[in-house]
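Colleague: What follows is each chain in one-letter form.
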Amino acid sequence: MKKIVVSVLGQDRPGIIAAITRVLYQADCNIENVSQTILQSEFSGIFIASIPADRSAQDLCLQLEKALTPLKQHVYVKYLEHIEKDYTFTESEPFIIVTKGPDSKGLVAGITEVIARYGANVTNLQAVFEGGDDPEKNIMIYEVDIPTRIDQQKFYEELRNRAQELGLNISIQHRNIFKAINRI
Amino acid sequence: MLTDREIISTLEMLQNEHLDVRTVTLGVNLLDCAANDLKTLKDNIMKRITTLAKNLVRVCDQVGDKYGIPVVNKRIAVSPIAVVGAPFSTSQFIEIAKLLDRAAEEVDVDFIGGFTALVEKGMARGDRTLIRAIPQALAETKRVCASVNVASTLAGINMDAVLRMGRTIKTAAELSAQKDGIACAKLCVFANIPQDIPFMAGAYLGVGEPDAVINVGVSGPGVVKKAIDRALNSEENPDLGRISEIIKRTAYKVTRVGELIGREVAENLNICFGVVDLSLAPTPNVGDSVGEIFQSLGLRSIGVPGTTAALALLNDAVKKGGAFASSHVGGLSGAFIPVSEDLNIGKAAEDGYLSLEKLEALTSVCSVGLDMVAIPGNTSEDTISAIIADEMAIGVINKKTTAARLIPVPGKRAGERAFFGGLLGESIIVPVNNAQGANPFIRLAGRIPAPIHSLTN
Chain S
1 MKKIVVSVLG
11 QDRPGIIAAI
21 TRVLYQADCN
31 IENVSQTILQ
41 SEFSGIFIAS
51 IPADRSAQDL
61 CLQLEKALTP
71 LKQHVYVKYL
81 EHIEKDYTFT
91 ESEPFIIVTK
101 GPDSKGLVAG
111 ITEVIARYGA
121 NVTNLQAVFE
131 GGDDPEKNIM
141 IYEVDIPTRI
151 DQQKFYEELR
161 NRAQELGLNI
171 SIQHRNIFKA
181 INRI
Chain Y
1 MLTDREIIST
11 LEMLQNEHLD
21 VRTVTLGVNL
31 LDCAANDLKT
41 LKDNIMKRIT
51 TLAKNLVRVC
61 DQVGDKYGIP
71 VVNKRIAVSP
81 IAVVGAPFST
91 SQFIEIAKLL
101 DRAAEEVDVD
111 FIGGFTALVE
121 KGMARGDRTL
131 IRAIPQALAE
141 TKRVCASVNV
151 ASTLAGINMD
161 AVLRMGRTIK
171 TAAELSAQKD
181 GIACAKLCVF
191 ANIPQDIPFM
201 AGAYLGVGEP
211 DAVINVGVSG
221 PGVVKKAIDR
231 ALNSEENPDL
241 GRISEIIKRT
251 AYKVTRVGEL
261 IGREVAENLN
271 ICFGVVDLSL
281 APTPNVGDSV
291 GEIFQSLGLR
301 SIGVPGTTAA
311 LALLNDAVKK
321 GGAFASSHVG
331 GLSGAFIPVS
341 EDLNIGKAAE
351 DGYLSLEKLE
361 ALTSVCSVGL
371 DMVAIPGNTS
381 EDTISAIIAD
391 EMAIGVINKK
401 TTAARLIPVP
411 GKRAGERAFF
421 GGLLGESIIV
431 PVNNAQGANP
441 FIRLAGRIPA
451 PIHSLTN
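As given, the protein sequences belong to chains S and Y, one line each in that order. Count the first sequence with my numbering and you get residues 1 to 184, in order. Count the second sequence with my numbering and you get residues 1 to 457, in order.
You can trust all of the hints, since none of them are fake.
So the derived label-pair ranges between C-beta atoms look like this: (1) 165/S <-> 242/Y: 41 to 49 Å; (2) 183/S <-> 230/Y: 18 to 26 Å; (3) 207/Y <-> 37/S: 53 to 61 Å.
Calculated directly from the structure, the hints in this document are not laboratory data. Source: prediction; values computed, not measured. Ideal placement from N, C-alpha and C gives every residue a C-beta, glycine not left out.
Using the sequences and the accompanying hints, generate a full structural model.
Modeller: In structure tokens, the structure reads:
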């Protein structure tokens, strides 16, 4: 059974998920995973579904476009490829990096440049920039898998230096502390 | 996936509400260090402590860094020295205390507890010698802490020992008169002492404990206060049932931090994990105060009418939340009200809201006792013994731990200030009302029998 990935992006409004899932249902696709979010007024959704052998991703994309164009949504459909990661998977520990500080351009790029250089992988990023100088209104939260083989102290030091250059307050903590405190 | 609310509220506790692990205390069993000559005993003790504790501070700092939670104090608790050094003389006990001080310095811990005797039912030779050695041992060392358990619910109150401790405290104060009697700040007299306290000055490793064990003391009065403030500001008419619930949830979070860090430190040191002590322990910093919680609850100050009820609610809620969060709870587990170590409580004593009598009443519903209370230097040894006896009676009858850490500040009177420095803080000297010089009741001595365990009114 082949699998497809459907990505939908556009201004949020009622009926988007109903339209997507109706087309998938009519095409005899079985939804396996969905992740959907709304940032400000924009809807974004990713759907992974199995697709019958006699159907193609191209046909499905046409049907989805037909259903979603009236809702002003952009659609992209591709086959799910076998997992062949471009980077070598290494043992890692999950950490949470949080920055707070005045808004300016280049904050995410500045922080992620260091994260990427050390081969750490961002698994989730939440960022809110409401502008202005109030640090509480300009927050980035990165969930990052940090490889155990790297020099972690050097990595933290570089991150802290970069944060200082960007005028940010940074904290780097193992994810388990947040789980321990907040989850039963 | 964690929510942004979970992450940000956790950071808030760490960055603005003084959430930390107050102490990781390594228990070190010294019973098999016993020897019949002092040099061998001292060599054995030094080797044992420096071997087991050599990585304690480094590992605590590493684990603290990993989770972004500081482990504020790293400490050691040893087997009762009255047992370990039983055959030796007073001067030799003082040498042992100095050795413990050096061992603590060598592994860079700020306090080492266990200069301890357990005498609730009677004193053996080693106990008597240790008690005689306490004043000089504490006055001539910086890091050694002493404790003497003089009473228990099962044995009653050893009034001979109580009398002896009044004298010991006076002498210890006089020997450290230059520093306002600081030696007494390192000495606790207990009823029902637990075997696994991680907090000083009462920490020692009980004889029922393993070779080595890691016990953790959590804290977090600032976190509890802020949680109460938030509820009172954001919720419509929260009642005391609701406030108890909020304290429980907060205590849960604080305790989970201690459990996580304690277990990881223990694992990294290859030492078994003992207990989390669920105490609200203040420091002399604004925002890290147990006293401020009473003001958040609507009382003008700790000490005014209503304080005992508020403390009972607080202490109970902390235990309920903490007990759920930890697999093994022990130590003192409750709210501390050390007068000199809590800015707000010290101020309450200074402003006249909090008296020695009210402090004694509060100890019936909280974990410790008359803790870090500076009293006039001319308080007689009989009066000190009598205050201790009253405090012990509360513990013995109520089947709980109580303790007295009294500092008769040499040369100073009620209303003057005593300065101890660091975590021990500073305090106004509180008056001891209605004290008489000699106290014939105390001098009757003997043992107050263990209480009846039925007819519980």
